[in-house]
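In case you want the letters, here they are:
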Amino acid sequence: MAKKRKFKKGVIIKLFILLVIFVAIIFGVVFVIKKIGNMKFKEYTKTLNYMDTVIDIKLYSNNEKEANTIISEIEKIYKYYHELTDRYNAYEGINNVYTINHTSDITKMEINHDLYNILDYSINWYYKSNGLFNINIGKLTDLWKVYRDNQTGIPTNDELYRLSGLDIKHIVLYDDNKILTGNVNLDLGGIAKGYATEVVHYYLKSIGFERYLINAGGTVLAGINSDGGKYRVGLQDPDNASAILKDENKEIKLNVSNAIVTSSGGYERFYEYNGVRYHHIINPNTKMPANNMKSVTVITDNAMLGDALSTTLFLMSIEDGQKFIENFDNVEAIWYTNDNKVIKSDGIKKYE
Amino acid sequence: MNKSDLKLIIVIILIAIIILFMVAIFNNNSNKKALIYYDNDLVLTIDLTEKEKKEYFVDGYNGVVKIITEDGKIKVDEEESPLHLCSKQGFIDKTYETIVCLPNKIVIKIVSSKTNDLDTILR
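Protein chains in written order, with this note's numbering: chain A, 45 to 396; chain B, 54 to 176.
Isolated chain B, as found in the complex (with noise of 0.2 Å):
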């Protein structure tokens, strides 16, 4: 190995980085968020990236709708309706996934700038 070579290393070792950490900059924006609206407004943001379980607490139109987050995925828990329909759905992960508690005005979706494999779902 000569001189010629070793620069010709350090310069593509130096091309990778600077590749590297342009798809970084470019890439970092891909969280994983749950957004909550009741009745057309944005109420609550939950970041779906954290592992450990929590709860939430927010005010629906019957009542406190309680809802659970997990692994990245969230479900509605407990909330006051005649038939439960968006408690009985349980948990939701993909973005196209949205849970709705019309009863209650309170609609949950998935966003994530990550690119999907669907747009929409219909329903």
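Next comes chain A alone, as it looks inside the complex (with noise of 0.2 Å):
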């Protein structure tokens, strides 16, 4: 009996042996493929600066020359709609914002045809989001950059009442590539980055490139990753420069594939006076900065639609808000109100 027992225990103790071989084998093996898989899309990045904010590429293909050449390419796109939308510099052969800031008298001007779709985009938001989304207050903006930058006092009643020209009908746009203007002052700060950032997302679209992540300042455009999968993206605590914003103590991270996160509010520009906190992104009603929230998210298929709705909700009541997106398909939301709470909308659930 005794030899009989130990002959049983030697063949266990063989047979859990070549288990465990087996098993280390298959997961050795399992690595190396994963790992070689992998390698097959070599990661290609670039740090651009346009548009007043920092631009993250990130590509993941397997050749380098397809890589670099889409890089230019955006690159290209990002530089041509910073110079159409620059507010602070002319440049040779185009007529651009600061071209069209610049007439004092009612001018008639040819703008080319994508200077003329933002523009024509843009006003259309304006009627969309009952006057919240207007370009023309370019005047507005630069008088509280001034306090901003101080970072003390508002402007007084006298110099908001001062301000003339902010009406959206001093532009008027005609036959695709005409605009008749005088006196007013754009700014596209709430459009261009996002409309530019469509534009790549066509253009990858066109060329069937699909394993990309683009950060551009406010707006993430995510194709999907080298493993065909979603990407993580968290969003800033605006309080926190460091910190990723938190529900309930949990961090949130949003899994995203073809896509496009879009937000509005940010740490870095707004200041705090008395107490209150003015943000940089002005309500052209009450003249005044938003002081709804802290910080809108929303999740969308377009990067044009994304910013014009973000800047929008960052203008709206919450309440009105959540009303405004059921207007739109495919639009998810994420409010970070200003005593420090979270609310989603339902649909945000899939990408938890």
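For the record, the hints were derived by calculation from the structure and aren't laboratory data.
Honestly, I wouldn't trust all of these hints.
As the list claims (entries may be wrong) - Here are the computed lysine to aspartate or glutamate pairs in the EDC-like style, where the Cα-Cα straight-line distance is at most 20 Å: (1) B/K147 - A/D283; (2) B/K158 - A/D193; (3) B/K141 - A/D193; (4) B/K128 - B/D100; (5) A/K58 - B/D58; (6) A/K53 - B/D58; (7) B/K147 - A/E87; (8) A/K90 - B/D94.
Work from the hints to combine the two standalone chains into their complex.
This is the structure in structure tokens:
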């Protein structure tokens, strides 16, 4: 009996050892195959600086030449829209926002098709948002910027009252390439990045390139990652530049692919005076900075829509915003309230 | 223990060593680095795996920008700008974090080939 038991024990040990080897080999092989699979796609990155923001481009490709071509095409797009929408510089051979803003008399001017389209899209949004999304408030944003840069005080009622020409009707577009305007001051800060990003989005779709992640300050354009899966996008805490926004002590991480995530608010462009927070996004109706929330984030399938929508939602009360997004398909939103609460639309669940 | 048991053990050890080598070879590139950009161009790469405190100086748009690394973290210590936003930000150490000094056209990013929790952060 004793001998028989000993024999059985030996077999079990051998079988067990064989099993361990088998499992170890499987793990090893799976690990190596996964690594080799990932190595097929190399990561290519580039950091750009346009439109007052940092643009991070990340591509996964198995073709270095292709990746470099795509990166330089993307850079061309951002540079082009940066120049078209630049308020501070004129560029040779092109009428841009600077040129439009520096016509004091009523003037007819030819503008190219792309600038025409941005202005046309923005004016449409003025009506969609009941006047909250207004690109003709450059004078207002400039006035507030002076106070924000000094980090103290707010404009007097008199200063705000004296501002004229904030009406969207002072911009008339016609013939697909002409503008009739004068004494306006356009600020495309609420649309330019999103618009350019959507052009990039369209370009990537048109060439069939899928593995990309672009972060253009406030707008994230996500394709699929190197494994064909989703990206994890964190939202920055508006009160702390190096922390992720939390919901009930849990960091918010959105799992997205083939989507655009856009935020308005942001930590870097507000100041506090007498205990009130003054943001860089100004409500054209009240002429005061928005103060309805700390930030708002939208997930959409179109970067132009995302940019205009997040700017508009930031200027609305949260309740109005919840109703407003029902007008759009495939839009979800996250609001971060002034008393540090996170409010999500129902469909956010599928990104968590 | 007989001869075949011994053989088996040797085979196991050999396989274990081979797997260990494979893992080591494919996983050896996880070193954390900081990339410093000036106006869209990479101007400096700093190895962040070193523990001791080090100082670096790069030319920004408004003058010299002083950068300090310590314990795998990096910060901008001194720079010329109206609001000093990037020196106020303090240390960063995660791969999705960036320091942006727009007035100085300097951007600092942390990269690491180790798989990370977040791919990007929206601000």
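Hints, verified against the model:
In summary, the hint linking B/K147 to A/D283 is supported, as the alpha carbons are separated by about 18 Å, within the 20 Å threshold. Proposed proximity of B/K158 and A/D193 is supported: the alpha carbons are some 18 Å apart, at most 20 Å. A threshold of 20 Å between alpha carbons decides the hint, and for B/K141 with A/D193 the separation of about 15 Å falls inside it, so the pair holds. For the suggested pair B/K128 and B/D100, the alpha carbons sit about 14 Å apart, so the restraint of at most 20 Å is met.
Proposed proximity of A/K58 and B/D58 is supported: the alpha carbons are some 8 Å apart, at most 20 Å. The suggested pairing of A/K53 with B/D58 holds, with an alpha-carbon distance near 13 Å, which does not exceed 20 Å. The hinted pair formed by B/K147 and A/E87 meets the criterion: a straight-line CA distance of about 18 Å does not exceed 20 Å. The suggested pairing of A/K90 with B/D94 holds, with an alpha-carbon distance near 9 Å, which does not exceed 20 Å.
Going down the numbered hints, you'll see the structure goes against none, and every one checks out.
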